[in-house]
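Participant: One-letter residues, chain by chain:
Protein chains: 2
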Amino acid sequence: MKEFELINRYFKGRGITRRDVNLGIGDDCALVSVPQNCQLAVTTDTLVAGVHFFDDISPRALGHRALAVNLSDLAAMGAEPTWVSVALTLPSIDPQWIEEFTEGMHEIAEYFNVQIIGGDTTQGPLTITICAKGTVPEGKALRRSGAKVGDWIYVTGPLGDAGLAIESRKQGFKIEPEHLKYVNKRFDYPTPRVAAGQVLRGLASSAIDVSDGLIADLGHILDMSQVSAVINVESIPTSDAMKSSLDFDQQLPFILSYGDDYELLFTVPDSNKGMLDLKLRQYGVDAVCIGQVKSGDGQIELLYNGEEFNFEQHGFEHFAKEQV
Amino acid sequence: MKEFELINRYFKGRGITRRDVNLGIGDDCALVSVPQNCQLAVTTDTLVAGVHFFDDISPRALGHRALAVNLSDLAAMGAEPTWVSVALTLPSIDPQWIEEFTEGMHEIAEYFNVQIIGGDTTQGPLTITICAKGTVPEGKALRRSGAKVGDWIYVTGPLGDAGLAIESRKQGFKIEPEHLKYVNKRFDYPTPRVAAGQVLRGLASSAIDVSDGLIADLGHILDMSQVSAVINVESIPTSDAMKSSLDFDQQLPFILSYGDDYELLFTVPDSNKGMLDLKLRQYGVDAVCIGQVKSGDGQIELLYNGEEFNFEQHGFEHFAKEQV
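Just so you know, the protein sequences line up as chains A and B, in that order.
Counting from 1, position 314 in the first sequence corresponds to residue 313 in numbering that gives the first Met the number 0; the numbering is continuous, with no gaps.
Counting from 1, position 2 in the second sequence corresponds to residue 1 in numbering that gives the first Met the number 0; the numbering is continuous, with no gaps.
Note that these hints are calculated values from the structure, not bench results.
You may find that some hints are simply not true.
No copy is singled out in the list; a pair is fine if it fits within one copy or between any two copies.
[What the hints assert, rightly or not] Straight-line distance between alpha carbons at most 35 Å, and here's what the computed DSBU-like set of lysine-lysine pairs gives:
| no. | residue 1 | residue 2 |
| --- | --- | --- |
| 1 | K139 | K184 |
| 2 | K139 | K11 |
| 3 | K242 | K184 |
| 4 | K173 | K139 |
| 5 | K139 | K180 |
| 6 | K293 | K11 |
| 7 | K293 | K169 |
| 8 | K11 | K147 |
| 9 | K169 | K278 |
| 10 | K173 | K272 |
| 11 | K147 | K180 |
| 12 | K147 | K169 |
| 13 | K11 | K173 |
| 14 | K11 | K242 |
| 15 | K139 | K169 |
| 16 | K278 | K173 |
| 17 | K293 | K278 |
| 18 | K169 | K184 |
| 19 | K242 | K180 |
| 20 | K180 | K293 |
Remember, it's a predicted structure, so these values are computed and weren't measured experimentally.
Next up, chain A with everything else stripped away, as it sits in the complex:
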């Protein structure tokens, strides 16, 4: 068989139909219309079996997750997700697996009003590459490079849950069943902060999604903006699951360097702080201020209740996140 050619069977005629899709699945290309005065935002992310997810991941969760991590990049630009292309490499044809996988993908696509406009299905080791497209009003995209000295640093939600889910599977941490259920859901079905990203347009000075961990992703903003930052560690939001399952020192690597939470990390000029807090509340986003931008050359100063906080003492520099 030249191609698995599943795209038509499992993707065509399912999911939502957007009016700006002029030609969907089934020709050499899809054709879409970008609104006037909008830029097109484009991102690509690949998930590889055994590297980015456990082999025993539920296919529904995998379908959700593969799309979610891409939509999260669009959210971090303040873009409205519109269309995605799905490249699916499968070792063999298991109709039930594919049905569940596509179901998981269609669910999140419909939730965010995203249309799957095409793709390619090939035989090989399980790999999913999605190219997600979105639109953003001309000049309003949130870049990593706009943070200025004095801007406040925010995060849209608790950090560390995804890491706790992964490590509890690998290391067998003792976690209460309801907390385990919560962290597993946070890892398997991450929610890209699409609405929050759009609220931030015109208010935030920079943004990124927390995929590599707070320290690493904040580092990207600082490098691109040529500034430094101070972070108040005790302000970083954590879930009840995290608080109940680990003591503070154990929490640190998860909160500071694990990633995979897909919350947005962003900076806001002091003059926009009031309006931002108001708008985020209107949209039900519990964003928390965790620090401030300073002048400097990409350094991150950590404070704990105002006291300088030593990286090595808490050992998390040596905590090398492995792929799952």
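Using the hints provided, position chain B relative to the given structure of chain A.
Facilitator: What follows is chain B alone, placed relative to chain A:
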């Protein structure tokens, strides 16, 4: 290492810089501007090692080929290629391999004025997924569904060369060295018919690129257009390499059902035939008329010098193309 994060080193700051790219590699998304009155054309194709290419393929050829097959889909829509995202999964880091691979990709990208605007590099079995974007004037895209009874059927160049290259490696056909060099180049460095595709806008009624073989790809046009076709087998263009290396019966499976040639197959209303022939000559495209659209339900009638031509007699129905 979380990601190979090669995108910056091997892709950023190399290749062409288009003025419609507002933000290239290095942020959560790229940002581009689609011209007013143009639609965006999007296509994705994956190449998997051992399935779509030989393990011993030169990395430069692989880089070229991975992009070429995607640009060919844009050509088949009459779109102008503009931006591509590259998802590269590599088993390990071999700097020389990556250098040659990206060199091959940059060469063809520059030739067609295409900018690599982003991507993802991950660890895993060698796989390349490209999502190519292009623009096409509103309503002018070439679809598979527009062929009408009486339209002439054309192909932009010789068929079967890529198949001859593959099978000569596997079966050791005796081919003159200069012919072998030619067919290997046709397979390793296919040329997407980008200019031809744009010339066809407003003149052709349907188009597709020959990736699955003439019979299969013509079948896609016929199915989508709800018509049938008659093909004059002796009119199908073949290379000197093909003519010299195989006798007519041996040539048939390559010409009719092998694919991978990435020529365009298209249909033209009789009223546009004169203008089309003129324009194609102006652009140096040697397109050849190989048949005509008839009424019917997707059947392909083959004639050889006006005589009905029997599939089974020539045995090519039993020739199942395997992946390389």
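Participant: Each of the hints needs a verdict: does it hold here or not?
Facilitator: Taking the hints in turn, this is what the structure says about them:
no.	hint	result
1	K139 x K184	within (32 Å within a copy, 46 Å between copies)
2	K139 x K11	both (33 Å within a copy, 23 Å between copies)
3	K242 x K184	within (17 Å within a copy, 62 Å between copies)
4	K173 x K139	neither (45 Å within a copy, 62 Å between copies)
5	K139 x K180	neither (38 Å within a copy, 52 Å between copies)
6	K293 x K11	between (50 Å within a copy, 28 Å between copies)
7	K293 x K169	neither (38 Å within a copy, 63 Å between copies)
8	K11 x K147	between (46 Å within a copy, 25 Å between copies)
9	K169 x K278	neither (40 Å within a copy, 65 Å between copies)
10	K173 x K272	neither (40 Å within a copy, 75 Å between copies)
11	K147 x K180	neither (39 Å within a copy, 58 Å between copies)
12	K147 x K169	neither (40 Å within a copy, 61 Å between copies)
13	K11 x K173	neither (44 Å within a copy, 45 Å between copies)
14	K11 x K242	neither (44 Å within a copy, 41 Å between copies)
15	K139 x K169	neither (42 Å within a copy, 55 Å between copies)
16	K278 x K173	neither (39 Å within a copy, 73 Å between copies)
17	K293 x K278	within (25 Å within a copy, 62 Å between copies)
18	K169 x K184	within (16 Å within a copy, 49 Å between copies)
19	K242 x K180	within (15 Å within a copy, 67 Å between copies)
20	K180 x K293	neither (39 Å within a copy, 61 Å between copies)
This entry does not satisfy hints 4, 5, 7, 9, 10, 11, 12, 13, 14, 15, 16 and 20, going by the numbered hints stated previously.
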